[in-house]
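Trainee: I would like the entire structure built from these sequences, with the hints used as guidance.
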Amino acid sequence: MAQQTPQSEINLQKVLLEIDEEVRAKRASGELPADVEKELDQVFARFAPPGALDSDFDALVNRAERQSYIDLLAPNESARPGVPHIKRVVQKTVRWYLRYVVDQFSLFASSISRAVKMLGERVDNLEASQPPGEIAEVVLTALRRRSLVWEKRIQSHFASVKKGRVLVTTCGTGELVRTLVDSGVDAYGIDNASELVASGGAHGLDLRANGEIEHLDALNAGVLGGLVMSGFIDIAMPRQQVEMVNLAALVLSEGAPLAMMTTDPLRWEMLDAVPTDLVSGKPLKPSSWSYLLNERGFKDISITPNDDGDGYLILAKR
Amino acid sequence: MVAIHQFVQSFVRHDAVSNHVRHQRDLLREMGFESEIFWGEQRVDRDPGKYFREFAPVPGDKTWMMYHLSTATPLTEFLLGCKEPLATVFHNITPVEMIAPWEPIVGNDLNNARLQYLEIAKRTDFAIGVSQYNANEMMRDGFPKASVANVLFDVDDYSKCIDVKLDEKLRTKKEKRGSDWLFVGRIAGNKCQHDIIKAFAFYKRSFDPNARLHLVGGLSSHRYWTALHDYVSALNLTESVNLAGGVSDGELGAYYKNADVFVSMSEHEGFGVPLLEAMHNGLPVVAFGGASAVPETVGNGGLVLGDKSPATVAVAVNRVLSDNAVNKALVEAGHQRVEELSLAHVKDQWRKVINSMIESA
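So the protein sequences, as listed, match chains R and Y.
Going by our numbering, 214 is the number at position 214 of the first sequence; the sequence numbering is gapless.
Going by our numbering, 151 is the number at position 151 of the second sequence; the sequence numbering is gapless.
In short, the hints are calculated from the structure, not lab data.
Note that the Cβ used here is the ideal one computed from N, Cα and C, for glycine as well.
One should not assume that every hint holds.
Simulated crosslink set (DSBU-like; lysine-lysine; CA at most 35 Å straight-line) [unchecked claim]:
{"#": "1", "chain 1": "Y", "residue 1": "K308", "chain 2": "R", "residue 2": "K163"}
{"#": "2", "chain 1": "Y", "residue 1": "K308", "chain 2": "R", "residue 2": "K117"}
{"#": "3", "chain 1": "Y", "residue 1": "K50", "chain 2": "R", "residue 2": "K285"}
{"#": "4", "chain 1": "Y", "residue 1": "K62", "chain 2": "R", "residue 2": "K317"}
{"#": "5", "chain 1": "Y", "residue 1": "K62", "chain 2": "Y", "residue 2": "K50"}
{"#": "6", "chain 1": "R", "residue 1": "K163", "chain 2": "Y", "residue 2": "K352"}
{"#": "7", "chain 1": "R", "residue 1": "K317", "chain 2": "Y", "residue 2": "K352"}
{"#": "8", "chain 1": "Y", "residue 1": "K347", "chain 2": "R", "residue 2": "K299"}
{"#": "9", "chain 1": "Y", "residue 1": "K328", "chain 2": "R", "residue 2": "K38"}
{"#": "10", "chain 1": "Y", "residue 1": "K122", "chain 2": "R", "residue 2": "K317"}
{"#": "11", "chain 1": "R", "residue 1": "K163", "chain 2": "Y", "residue 2": "K328"}
{"#": "12", "chain 1": "Y", "residue 1": "K347", "chain 2": "R", "residue 2": "K163"}
{"#": "13", "chain 1": "R", "residue 1": "K299", "chain 2": "Y", "residue 2": "K352"}
{"#": "14", "chain 1": "Y", "residue 1": "K328", "chain 2": "R", "residue 2": "K162"}
{"#": "15", "chain 1": "Y", "residue 1": "K174", "chain 2": "R", "residue 2": "K26"}
{"#": "16", "chain 1": "R", "residue 1": "K317", "chain 2": "Y", "residue 2": "K308"}
{"#": "17", "chain 1": "R", "residue 1": "K299", "chain 2": "Y", "residue 2": "K122"}
{"#": "18", "chain 1": "R", "residue 1": "K117", "chain 2": "R", "residue 2": "K38"}
{"#": "19", "chain 1": "R", "residue 1": "K26", "chain 2": "Y", "residue 2": "K328"}
With the Cβ distance kept under 7 Å, some of the chain Y side facing chain R (calculated, not the full set) [unchecked claim]:
{"#": "20", "residue": "H194"}
{"#": "21", "residue": "K198"}
{"#": "22", "residue": "Y231"}
{"#": "23", "residue": "A316"}
Covered stretches of chain R (in silico footprint by chain Y; criterion: 3 or more residues with CB under 8 Å from a CB of chain Y, positions within the stretch not fixed) [as the list claims (entries may be wrong)]:
{"#": "24", "segment": "18 to 26"}
{"#": "25", "segment": "44 to 52"}
{"#": "26", "segment": "214 to 224"}
Mentor: Structure (structure tokens):
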């Protein structure tokens with residue numbers, strides 16, 4: 001039976017947060033077992049054609065390889081009398097022709113799937129030669145600490161946000177999210193480091209374990225009331241840095257504030273020479289960020305160096 | 001005299017684009033424009049329109065061609081060859097990758113539709129998306145700055161009579177306990193009915209062992225339909241999942257009447273009329289937002305989830321069905337959302353867009 005909730009007005013955003021919280025708690029307690037979810041996925045995967053689901057690469061290629069061999073024997077059953085016999089006769093008659101065509105097609109398909117498999121192995125080798133993820137984490141840890149020097153400026157830049165949520169990327173344990181929430185802004189954060197997010201989330205903040213580009217890409221146009229970008233933007237590859245600006249332009253509502261905390265590329269290696277050398281991307285010059293923002297239609301762009309002279313705060317409006 | 005004639009590939013019954021085109025023709029005439037519907041194929045006896053090759057602009061009249069784009073069609077070549085200014089209304093095209101693994105031939109059609117869409121972009125003088133999502137896509141793909149005006153949706157088009165026999169059958173089952181989930185939409189890979197079954201299985205196991213799920217909608221993919229059947233059997237849910245397929249108006253009315261919640265896991269919607277239809281029928285809506293127009297169509301009229309994991313969907317549905325206040329608020333919010341997108345209100349959006357289209361010439 002349905003229970004009565006004493007409130008007459010319902011805040012749907014709050015309900016959604018409560019649902020997230022309930023899922024988290026029930027998953028943690030084992031009441032909603034993750035293996036059942038996985039099993040449900042696996043059962044459907046048995047019936048789906050290759051490419052229909054987000055399966056892992058190796059599974060997909062193996063499946064394609066299996067399916068490259070075409071069965072010449074079509075089912076002959078029929079409820080109507082005599083039809084199975086006719087089907088068998090037709091099958092026998094055209095078999096020589098079908099075999100000729102199917103042999104060629106099977107050869108083509110299996111060559112392609114073999115080539116894709118080899119390509120996959122090459123990509124694996126290439127990925128294995130990249131610096132390990134821990135290197136990026138060392139740099140990000142340093143960058144997260146530095147973001148707090150801009151606390152006050154960011155607070156005042158986002159004070160005017162009345163509509164839409166403010167997203168803080170690479171939020172760590174959520175110190176900056178806390179600052180914004182305490183000043184009355186509806187802020188939430190994302191960070192790839194799930195253990196940091198979990199520790200911040202335990203203190204009542206809405207922090208989610210999610211990649212920066214992945215999260216921005218999943219948002220709808222104009223949905224955010226503000227955006228703070230730091231950390232990842234300094235270590236992302238150039239293509240990803242441009243993509244971050246493009247996505248920011250798409251997801252921010254008209255007039256919404258944007259803040260970017262970046263590192264001076266000239267002082268980059270002073271952070272910690274080995275990891276900053278090995279990480280995949282490097283920070284852009286503030287003038288390059290300004291150029292990209294201007295190109296994507298951002299207004300009121302300002303660049304302020306920090307007191308230590310090793311970083312910048314870039315403010316803009318959508 | 002200014003004429004604004006509409007062009008649409010399929011002008012058929014029970015189709016959101018066709019209903020929209022009909023309402024828009026009425027609106028254009030109300031606004032004092034001469035307006036006809038030209039189609040590539042039609043199956044609407046009471047409102048026939050004309051075959052597109054019969055189009056002949058009156059010399060001296062200012063004539064706009066308004067093309068409703070949603071599929072591959074021979075109309076494209078015809079429109080590219082005409083001289084009249086062209087307004088394109090984009091209802092969206094299902095992404096190929098969502099359909100092609102299930103239906104390679106349909107996937108090829110969708111590929112062609114995308115190519116035609118890019119050709120039409122170069123020829124378009126005025127662009128309109130039926131959602132902001134569609135408008136953004138148009139601008140990204142080279143159309144001129146796109147205006148937004150939603151789908152013209154009249155609740156009367158969707159007010160159903162009730163099939164008494166089915167109503168009684170559903171009611172009898174309901175009296176025995178258990179909640180009823182409903183989804184209405186074509187059986188197609190992008191509608192992700194398998195994700196609804198997945199979430200339903202999880203819900204049944206965790207919250208309500210007597211629950212039932214009804215999946216209503218005509219077949220767009222036989223292979224997907226077969227996979228859904230096999231999936232339901234493999235999960236031992238044949239007694240509680242009803243793959244109803246295409247139904248009559250009266251049967252649809254009975255399903256709406258007896259359902260407790262409308263659940264959508266669709267991954268691609270250019271607008272999403274069934275969501276509004278469900279709200280109009282007083283059902284709380286739980287929908288996956290994803291990368292589609294679902295969040296802007298639902299607005300504050302339903303629960304839009306950012307995650308479609310079975311656990312999240314099951315917990316959300318359980319909350320909606322077990323908390324009276326949330327349930328009531330969602331039903332009320334749904335009615336309000338339908339009012340916001342009522343024919344009268346959306347006609348106002350279109351009046352503004354059409355006036356700026358005329359001024360742009």
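Trainee: Output the indices of the hints that this structure fails to meet, ascending.
Mentor: 3, 4
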